[in-house]
Amino acid sequence: MTQKKRISIKIAGAQGQGAGSGGQGLSKVLKRAGYHVFGVFDFMSLIKGGHSFYQISFSDQTIHANTEKFHILLCFDPQNTEETVADIETLNEGGLFFVDDAVVLKPEITVAIEKVGAKLCPIPMIRLGTEIGGNRIMGNTVGLGAIVGSLKIPFDFLDEVVQQNFAKKSKEIAASNSAVAKAGYDYGLSNFGDSFKFEMPNAKKEKTAGNMLINGNEAIAFGSYVGGCRFVSAYPMTPGTSVFEWFTKSNSKLGVVTKHTEDEIAAICMAIGAGQVGARAMTSTSGGGFCLMVEALGLAGMTEVPVVIVNAQRGGPSTGLPTRTEQSDLLFAINASHGEFPRIVLTPGTIEQCYEAGYRAHNLAAKYQTPVIILTDLLLSEQIKDTDPNFYQLPQIELGKVVSPAELDAMEEPYLRYKFTEDGVSPRALYGHPKSVHAPATDEHDETGHITEDATNRNRMMEKRMKKHESALQDIKGPEFFGAENASLTLIIWGSTYGAVREAVEIFNEDEKNKEKINLLHYSEVWPFPLEATNAALKKVKLGVCLEQNYTSQFARLLLSEAGYNVNYKLNKYDGRQFTPEEILVEVKRVFAESLVNSTK
Amino acid sequence: MTQKKRISIKIAGAQGQGAGSGGQGLSKVLKRAGYHVFGVFDFMSLIKGGHSFYQISFSDQTIHANTEKFHILLCFDPQNTEETVADIETLNEGGLFFVDDAVVLKPEITVAIEKVGAKLCPIPMIRLGTEIGGNRIMGNTVGLGAIVGSLKIPFDFLDEVVQQNFAKKSKEIAASNSAVAKAGYDYGLSNFGDSFKFEMPNAKKEKTAGNMLINGNEAIAFGSYVGGCRFVSAYPMTPGTSVFEWFTKSNSKLGVVTKHTEDEIAAICMAIGAGQVGARAMTSTSGGGFCLMVEALGLAGMTEVPVVIVNAQRGGPSTGLPTRTEQSDLLFAINASHGEFPRIVLTPGTIEQCYEAGYRAHNLAAKYQTPVIILTDLLLSEQIKDTDPNFYQLPQIELGKVVSPAELDAMEEPYLRYKFTEDGVSPRALYGHPKSVHAPATDEHDETGHITEDATNRNRMMEKRMKKHESALQDIKGPEFFGAENASLTLIIWGSTYGAVREAVEIFNEDEKNKEKINLLHYSEVWPFPLEATNAALKKVKLGVCLEQNYTSQFARLLLSEAGYNVNYKLNKYDGRQFTPEEILVEVKRVFAESLVNSTK
Amino acid sequence: MVITQERQKVTAKDFKSEQKSTWCPGCGDFGIQSALQTALINAGIAPWQVLLVSGIGCGSKLPDYINANGYMTLHGRGTTIACGAHLANPKLVTISIGGDGDSLGMGISHAVHNMRRNMDIVQIIENNEVYGLTKGQYSPTSKRGFRTTTSPEGAIEFAVNPLAIGLAAGATFIGRGYSGEPKFTADIIQQALEHKGYALVEVLQTCPSYNKLQNTDWYKAQSYKVLEENPNYNCQDPLQAFELALKDDGRYPMGILYKNDNRPTYIEQVPAYKESQTPIIERSLKIEADFFANLKNAYV
Amino acid sequence: MVITQERQKVTAKDFKSEQKSTWCPGCGDFGIQSALQTALINAGIAPWQVLLVSGIGCGSKLPDYINANGYMTLHGRGTTIACGAHLANPKLVTISIGGDGDSLGMGISHAVHNMRRNMDIVQIIENNEVYGLTKGQYSPTSKRGFRTTTSPEGAIEFAVNPLAIGLAAGATFIGRGYSGEPKFTADIIQQALEHKGYALVEVLQTCPSYNKLQNTDWYKAQSYKVLEENPNYNCQDPLQAFELALKDDGRYPMGILYKNDNRPTYIEQVPAYKESQTPIIERSLKIEADFFANLKNAYV
Ligand SMILES: Cc1ncc(C[n+]2csc(CCOP(=O)(O)OP(=O)(O)O)c2C)c(N)n1
Ligand SMILES: Cc1ncc(C[n+]2csc(CCOP(=O)(O)OP(=O)(O)O)c2C)c(N)n1
Ligand code: SF4
Ligand code: SF4
Ligand SMILES: [Mg+2]
Ligand SMILES: [Mg+2]
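Protein chains in written order, with the numbering used here: chain A, 1 to 601; chain B, 602 to 1202; chain C, 1203 to 1502; chain D, 1503 to 1802.
Please keep in mind that the hints were generated in silico from the structure rather than gathered at the bench. Any given hint might turn out to be false.
With a straight-line Cα cutoff of 30 Å, these simulated DSSO-like cross-link-like pairs (lysine-lysine) come out [said to hold, decoys possible]:
| hint | chain 1 | residue 1 | chain 2 | residue 2 |
| --- | --- | --- | --- | --- |
| 1 | C | 1498 | B | 606 |
| 2 | D | 1685 | B | 649 |
| 3 | C | 1345 | D | 1761 |
| 4 | B | 1002 | C | 1488 |
| 5 | A | 435 | D | 1788 |
| 6 | B | 850 | C | 1293 |
| 7 | C | 1476 | B | 854 |
| 8 | C | 1218 | A | 48 |
| 9 | A | 435 | D | 1698 |
| 10 | B | 605 | B | 1171 |
| 11 | D | 1798 | A | 4 |
| 12 | D | 1798 | A | 169 |
| 13 | D | 1518 | A | 435 |
| 14 | B | 1078 | C | 1488 |
Next comes chain A alone, as it looks inside the complex (with noise of 0.2 Å):
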């Protein structure tokens, strides 16, 4: 459908079988090889067994979501008949199938093989994973390996993966997975080396080699990191818990404090604790977890303590589809917590922009002293997208209005941590200094932090707070168009479909016989409202069609209350499976149609 040129891989098996780590040890091999990738982890609420696969497209150009069909497919779970059967038929017909030849297949499963015209093609992983690696579990290195030989691509670049991977173990560890992938791959080549008819994209390795293979998640943290994070209190929640474990896991070596928690109350608490004291701190977790967090996200937005949240959101309402993605707190983030205070909520929709999140993140609660949300989800954090290096900078990192332990020194009025100011944030002075003694209650307060229920120092003080929401907008970044400039169809959309429909985009506009043309508007930061950009951008849009994986059509709802634009069309989705570009041209070929017929009628 694409001139960008593209090969899917889909690697299948129980959970505990290893297609994750597969996956992504394929997809470094194939970047360093010369392609451009893009992965996902696709997998089940359970440790081993189920069904699981990873989803890796390669291609000459940069890559942004998955398609529908494959190419080549290794399966290690041929027992999961059903499973198996619904993956064979995403495959194209003259695609391969790759699974051990030791297992004999149903009838169901060789039936769907030659429905789709697909090539079936046994490999002997377990009986060379054993026979050379002495372990029934390097089968898999097999697999991956005869993958590897069947398209050719040159050796070298999957033994230094297989190397890299297993050095920290040990070297015999290293060297004899080296050589299992090694027989897989002379397997693979002088089995199936002819087998792959597709074309395959151009390989340029000068272009990709160097890149960096980040997830969602991953940038987050690291992103935080150099936005100047500290400090880390979390407890563990899917997807929320791999931006915690970023910073456990090299804990001294970043010189960050991090605490598992208890629970996450005490996970967002211990943030604020530490963020009142002058740290930049953060807590990462889910819709569920969040939820336990909002009492304390008032708490910070009335004391006026800069603190980071990160909600990873999944399949809910409850425990949901722990392991499935959804775009359905977006609302709840916006209006969480009793009462009125400000607070910013971004929802970064690329890996890039995660790493962006991640910084702006600390550097807005510093500067507006309040909490900042970063609502991301479980698709964002499994994907993996080769991104250029240089794109990742050392940010400017802004302590926003500080009060030095020089200045205080200097001081002669006494320090009033709440003075009422133009722009609504107050100097900040920090624990520690003899003039900077202060005591900030929760309850309502005034310029010193104490209680008081004076209903005129009331009304400045709200007003104070929320001055800083309005202040916060200058630094609201605006949505982004993305596609044709005069398009007839506009999909209005924010967070992690961005991959799936500029996809989607580039697809349909490619189509000569589309004579319309389409675009995407792309909000990545969406409170406090960018309303003068939306009313800027809503001008060039002629057929607003917002686009979310939810039921209720959160972002519509709120660009009708914001903004009072009522989108045209809204599309949904909530069985917690990613939209996939060929979906979302269905849906845009049929709004097309609809409202073709709706303007003659």
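Fit chains B, C and D with the ligands to the known structure of chain A by using the hints.
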């Protein structure tokens, strides 16, 4: 200003001095004596000291809110000079100022009395209290007696209330209080019986004596009880506590299981546990406690457990103004918890609606198997108004779709807790029958309740649950008008502002000088949003003015996001003090003037 | 529990579920499920008479795999939900079950408060000393030095001591079993079921995926039955039990570690159950006219 | 606390605040404030060196009435916020202070977990055995039978036993004072301040508004100093302390009830503080170019 004759009394004192109980007692006396009564207590977040006051209005017609000016001020705390001066400034010219005659008044106070042209009425409160009752604190009763005497209301009404109030303690105590009251009464009658120059409303004993004086929280609790509520678990938090205490205080009499829990998480979880096994269960709290309930709200939503949550709002954010009123949790309540599920939000605006909300909440929770939130606030919780006892009837109890043990006995197919149905509601069988065995999960589940990640089932289950949102709409009450039919300006409101706005509308429309008339449109139920009724009502609105006790105009934003309706003006108050009819009228006049300017521009 | 329902003749077949377990091969949760089932069979409690309330975690999926009334709720909140259910319908034999992270981390407050109330339920803690379902972080019961993704340099906290906490909080029954000994554990659970008052049963559990060291052999070496080692052990003596709790030889005493039969249960004292023991959910909701009139009269 | 800051010469004047207290006349919180102040003075800790983190309740308003660094936060969460502050700036002498409802009801989980971590803070519990600020409901420390609005027929729960819970959870210092004896209490608080590790100080407190029975006379009769009654009391022995905790004669032992100097504190073991003890908030945020390059390189 109004043809409704009203007299207003303020009893002020330091907290712990008895202004609150005095005001309640006096309200009862006035009601029994033949007046319609309205009273509110205004207090601070402390136990003893500070300055609080009770406001009473009485009339020959029903009163819905206090106005700003008073005819009588009884002051227990002249030592609080500043506050007392402010109180005096709210006296009408010719108003009476009662204070202990032993106190040497500060010059500021006497100046203030003179300035407003009030009459100083010194009474020997402490002396008579001590001499006759043997107790300083009985001086309060002297003060109340003096007021009743000066108004020439027969002593019997006062005596009866005093005797009743103290009957629980002992005959002696009752008798001595009665004697003290009489002494105060006589003193007031003989010294100031001719000082009160205002026209008294007509007393109609037969009309009001039998009326009930019940506050908003009592009405919610009472309504819930008659609605079948038999389980209440809660954690104290002003102003939600008194709903809970209504039940605890008469524990064994009512046959209700009550549990003061360790925190609000346990409070809602216990209620959900009780609800899940078949009890009509509820919890009561304020915003901060509601924050802690948000995760479990999703549990109830996902597993479809009927449960009622009273969130009595107060000044936020965070601890905020714990004893002041606000309407700032609306969007939070509607969007609380991650993911999406149906919920019902009721926003009573009067004592009567509180009673209705109580039983309706339990009926709706049972009928739609979903959480129901009653969003009330401090103003309603502290407000009493006399109501015809015939209004309070036993409601129909709706159990919703239940499968009885007999039906289970006869059932041939297996029982499915989450059976797909037309309206989304699945018949409910309780645990305890051999054929009803089930084990629902907060993970996405199939019709039996078992965990599944299947995409098709997921879609159907989401749609089944959300269908209940549509189904419940049929039961939601639309907004109601009050005031002129063809008003040029409509105050669009929700919840507790009803009283003050209604008084404002009455006063405004009575004034012959106001050629244009106004009305109000009040929402007592807001979610699922009553769209059809709203559209119908809005057709009649010429100039829509949304008035709310919050900063960010939450209801106005809801009107826009749900009905696409943009109000013309927004009026907000967020200092924790209730709107007064006078304030509203000032704003209404301003809006009229402005809109005139705008329309002629 | 004070079991008010008639005991039933039940067999393993009654508890058999169609649902496929998703536990890892070799997971100790299988042994716990079997022990629980045996205890219920031996106590004569049918699937429809019991209510298994769980939280979230690997172990909390147990109600999904057994044919019995269950409710799989929120991480850390199973115990308080179970107590709510118990107070509304004391006829159900109510068991709260969850992992160590769930019960002793997030949920420890509910455990402590309901122990001191002597709520008449059984709480089973599936203690694998790790967070299983979130892929292996250290838990409140993990040993110091335990290396996980959130403690790559080794955990630096002292573990929660469930026996000590139970004693301090006022549990009236404290037992400890092990997933590798389902029969022994079943017996403890059965006694917990028959105990009047709050019964805390910790079951040590293998987790071959994330706590590989503490495998079956390890537990064999590291645990002992308290009555075998000390036949004079008096489980009614809280001081002796506390001494056992503090004993720091790295080994786990198993069996009934504490028992107190002299405390009233919470439900015995609840005003609404004083005159009638009929569960509130079985009582009529009808309000008599004169009672209603009286309620109204209080406001006149 | 390990107090790393230079001790200061301070007097009562330094702690004097302009803010008017809103406590009831005769409230025990006055005595607690005075004891705390004396302890700080005697320990040589200035207003700007300390951080008083409180929750919500009458007692939690204390930081409003004293001139010292404070943070009045959320009901039940003071302790965990204090620990966060401590980890980010261990130089501040960090004290968590709150009522019994706050600290032992809503907040007991944070207390238990931070005790076992041996966080190097002081926790003061202002124990009036009632909820003051919400107008007199029974609390987790209220005696059985205590009649309040939420227990009009008398509380039916057994009270939390702070000493027992502290011992079970692993507090390394447990003391008890009384608001009516500010000097004695000041001494205990001072020792808590000087203790390395988690120090739990319960201060019995009169509440003339809602716990009228337990007035000054009552406490005089119902409490005793443990070392006066038993000069051989060995506060280093957890078993003896637990025995004392279980002793049910209705009287409160006061003094230092338990002390353990052999446990490492949490902060001593935190990886980020191993090489440098400079508070993280005082360190430069600059990232060296080659360190940054290395971080990026891991993803190539
Ligand atoms: C509020 C909340 N926080 C976090 C989680 C994520 N979570 C699911 S299970 C689990 C821990 C599991 O450990 P444990 O309770 O010991 O059970 P196990 O899996 O070991 O049986 C966590 C943290 C959650 N579901 N809810
Ligand atoms: C989450 C939350 N729930 C409830 C409250 C209401 N509340 C304020 S103080 C208090 C209890 C006070 O009791 P205690 O902690 O013993 O302090 P005291 O007033 O007796 O000093 C409660 C329940 C609150 N502020 N926050
Ligand atoms: S991770 Fe551990 S506890 Fe969870 S199922 Fe696997 S073995 Fe069992
Ligand atoms: S209510 Fe009790 S604790 Fe609160 S200030 Fe008054 S006396 Fe003190
Ligand atoms: Mg575990
Ligand atoms: Mg208290």
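How the hints compare with the structure:
Taking the CA atoms of residue 1498(C) and residue 606(B), the gap is about 28 Å. The hint holds against a cut of 30 Å. Only pairs whose Cα atoms come within 30 Å are accepted, and residue 1685(D) paired with residue 649(B) is accepted, the gap being roughly 26 Å. Between residue 1345(C) and residue 1761(D) the CA atoms are separated by roughly 23 Å; this keeps the pair inside 30 Å, and the hint holds. At most 30 Å may separate the alpha-carbon atoms for a hinted pair to count; residue 1002(B) and residue 1488(C) meet this at roughly 19 Å.
Only pairs whose Cα atoms come within 30 Å are accepted, and residue 435(A) paired with residue 1788(D) is accepted, the gap being roughly 28 Å. With a C-alpha separation of about 26 Å, the suggested pair residue 850(B) and residue 1293(C) falls inside the 30 Å cut-off, and the hint holds. Restraint check for residue 1476(C) and residue 854(B): the C-alpha separation of about 11 Å stays at or below 30 Å, so the hint holds. Restraint check for residue 1218(C) and residue 48(A): satisfied, since their Cα atoms lie roughly 22 Å apart, inside the 30 Å limit.
A hinted pair counts as satisfied when its Cα atoms are at most 30 Å apart, and residue 435(A) with residue 1698(D) qualifies at roughly 28 Å. For a cut-off of 30 Å, the pair hint linking residue 605(B) to residue 1171(B) stands: about 28 Å separates their Cα positions. For the hint pairing residue 1798(D) with residue 4(A), the CA-to-CA distance comes to about 28 Å; that is within 30 Å, so the pair holds. Note on residue 1798(D) and residue 169(A): the hinted pairing holds, with a Cα-Cα distance of about 22 Å set against a maximum of 30 Å.
Among the hinted pairs, residue 1518(D) with residue 435(A) is consistent with the structure: their alpha-carbon atoms are about 15 Å apart, no more than 30 Å. Of the supplied pair hints, the one linking residue 1078(B) and residue 1488(C) holds, its CA atoms being roughly 26 Å apart against a limit of 30 Å.
Hint violations for this structure: none, all hints satisfied.
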